[in-house]
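Asks: Going down the list, the sequences are from chains A and B.
Under this note's numbering, residues 49 to 110 are what the first sequence spells out, in order.
Under this note's numbering, residues 3 to 467 are what the second sequence spells out, in order.
Don't read these hints as lab results, they were simulated from the structure.
Please read these numbers as outputs of a predicted model, since none were measured by experiment.
Among these hints, one or two may not hold up.
Reference listing, derived: stretches of chain A covered by chain B, where coverage requires no fewer than 3 residues with Cβ under 8 Å from a Cβ of chain B [as the list claims (entries may be wrong)]:
{"#": "1", "segment": "50-57"}
{"#": "2", "segment": "69-76"}
{"#": "3", "segment": "85-93"}
Built from N, CA and C at the ideal position, the CB exists for glycine as well.
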Amino acid sequence: MRHIRTVARSTYGKGLESKGCGECRSSCQSACKTSCTVGNQRCEGAGAPEAEAAERAAAGRA
Amino acid sequence: MVHAYRLLGKNIAIDVNGGAVHALDDVAYDVLRAVIDAREGRPDGAGGEVGLPEGPVAEALSAKHGKACVAEALEEIRGLTADGDLFTEGTFWGGAPGAGVGSSLKALCLNVSHDCDLRCGYCFASAGRFGGGRARMAPKVAMDAVGFLIRKSGGRRSLEVDFFGGEPTLAFDAVKAAVAHGEAEAGKAGKEIRFTITTNAVGLDDGMMGFINGHMDNVVLSLDGRKEVHDACRVMADGSGSYDAAVRGAKAMVGMRGGKGYYVRGTYTNRNLDFAADVAHLADLGFERVSVEPVASSWDGGLELGEAHLPAVLLEYERLALAVWERRRRGERLEFFHFEVDLEGGPCAAKRMAGCGAGYEYMAVTPDGGLYPCHQFVGMEGYRIGGIYGEQDAGLMDAFKSTNLSTKADCAGCWARFHCGGGCASSSLRYGGGIGGTYALGCEMERKRVECAVWLKVMESGGEG
Numbered sequence: 049m050r051h052i053r054t055v056a057r058s059t060y061g062k063g064l065e066s067k068g069c070g071e072c073r074s075s076c077q078s079a080c081k082t083s084c085t086v087g088n089q090r091c092e093g094a095g096a097p098e099a100e101a102a103e104r105a106a107a108g109r110a
Numbered sequence: 003m004v005h006a007y008r009l010l011g012k013n014i015a016i017d018v019n020g021g022a023v024h025a026l027d028d029v030a031y032d033v034l035r036a037v038i039d040a041r042e043g044r045p046d047g048a049g050g051e052v053g054l055p056e057g058p059v060a061e062a063l064s065a066k067h068g069k070a071c072v073a074e075a076l077e078e079i080r081g082l083t084a085d086g087d088l089f090t091e092g093t094f095w096g097g098a099p100g101a102g103v104g105s106s107l108k109a110l111c112l113n114v115s116h117d118c119d120l121r122c123g124y125c126f127a128s129a130g131r132f133g134g135g136r137a138r139m140a141p142k143v144a145m146d147a148v149g150f151l152i153r154k155s156g157g158r159r160s161l162e163v164d165f166f167g168g169e170p171t172l173a174f175d176a177v178k179a180a181v182a183h184g185e186a187e188a189g190k191a192g193k194e195i196r197f198t199i200t201t202n203a204v205g206l207d208d209g210m211m212g213f214i215n216g217h218m219d220n221v222v223l224s225l226d227g228r229k230e231v232h233d234a235c236r237v238m239a240d241g242s243g244s245y246d247a248a249v250r251g252a253k254a255m256v257g258m259r260g261g262k263g264y265y266v267r268g269t270y271t272n273r274n275l276d277f278a279a280d281v282a283h284l285a286d287l288g289f290e291r292v293s294v295e296p297v298a299s300s301w302d303g304g305l306e307l308g309e310a311h312l313p314a315v316l317l318e319y320e321r322l323a324l325a326v327w328e329r330r331r332r333g334e335r336l337e338f339f340h341f342e343v344d345l346e347g348g349p350c351a352a353k354r355m356a357g358c359g360a361g362y363e364y365m366a367v368t369p370d371g372g373l374y375p376c377h378q379f380v381g382m383e384g385y386r387i388g389g390i391y392g393e394q395d396a397g398l399m400d401a402f403k404s405t406n407l408s409t410k411a412d413c414a415g416c417w418a419r420f421h422c423g424g425g426c427a428s429s430s431l432r433y434g435g436g437i438g439g440t441y442a443l444g445c446e447m448e449r450k451r452v453e454c455a456v457w458l459k460v461m462e463s464g465g466e467g
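Throw the hints in and build the complete structure from the sequences for me.
Replies: Listed below in structure tokens is the structure:
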């Protein structure tokens, strides 16, 4: 594309069907203890979005 | 919903319901803004045609960028929308967060010491006492708390225990007992416990550091930054500054870690609104993983952040993002906790809806075995969930479990909701009228941190546009 460069594709849909596997870290256990942030936690489930992204990359979509 | 913004020379679009991020040139940015304006008033996540209204808006865009370029940009926006990377429908908005395995206990914050060797001016825990008397957790209580976690964790495999306080190294016998018990028992239950500790680093000795390094997945070391900033708040019981001892301890601890996890974590107040300089100082000391946080409260008054400080705070996050980028471009490694957004390997939708899990999957344990929704609630009247030895207040736990992103009215229109997860329950209670409210000032800061974090990702992804 000429005008828009995609930096990251959509990933949020993954995991909703399973209601979450519950294996990722509790957000307040990491560094902050004051500022709740979930966006910088990593998915640690078997069906992690990163695995999904890797599949897409392999399929030439990313 | 799409959030389009300009920051530090970049045009960026975040697809709120899908998480996609795009860098745009000036043509696409202007066209996208016009498309967003044209869709204003539709329910969040509504589909429908992506287009520009006929008339002066389209004419002005064509006059500025040329009709062909505007048409090209519009087609690209339509293509991304068709691919599910822009204007994603909110298919899970309104859904309940995790059920089953996702609602059982996962993490405990063990307040092994309601005592501290420092007297920090901003301590939400009142010098470790949490509004009560000084107390330290007995090793048996610490072991029983770990047992409680394992029993209550349902189908979860990965569990967490953070040793907190007060200053947890003042009750290191309880720390060691809990770790030994957890390592012995978790495996039998088919689980794994990640241990972490949050310490002021002042009293760390070789024995403690060896144990922490051998058993802790992460260690959080409290340092505020520049000596004059640190010593203004983080003072010993005799009023002297703790900077020299804390830096000595933190450097020794980090020096042992190798590739293992740590964070050097500071607090900023209205006295150091130039906190990017404190991050720079910590980086110059050799620390590569840093977090600074806005002060949670001020028990002696005068240090808190208010509306009047917000413009300076927001600008400082931009300065910090630029400084982090410049250091990385020079080849330095520097991770700032709130800028480490994982765009493709981040948490699933259910986690983003549930937030921190305080009150049901994450709880704090007091030295006597009492349970609270999290460390910030300890000692707060009406918020004791029960204890590890007795009953737990199912109604109170349900109140936390049923309060999530989809029930917070203020979050419905916020583009950053899936990065923040609904914010801190304690801050919501203190400033937003209840755990179902929000902390407006904190929301403003969170939105800026997310904008900066995504900007860094755009910069690191290379290319122009």
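Asks: Could you tell me which of the hints above the structure violates, numbers in ascending order?
Replies: No hint contradicted; all consistent.
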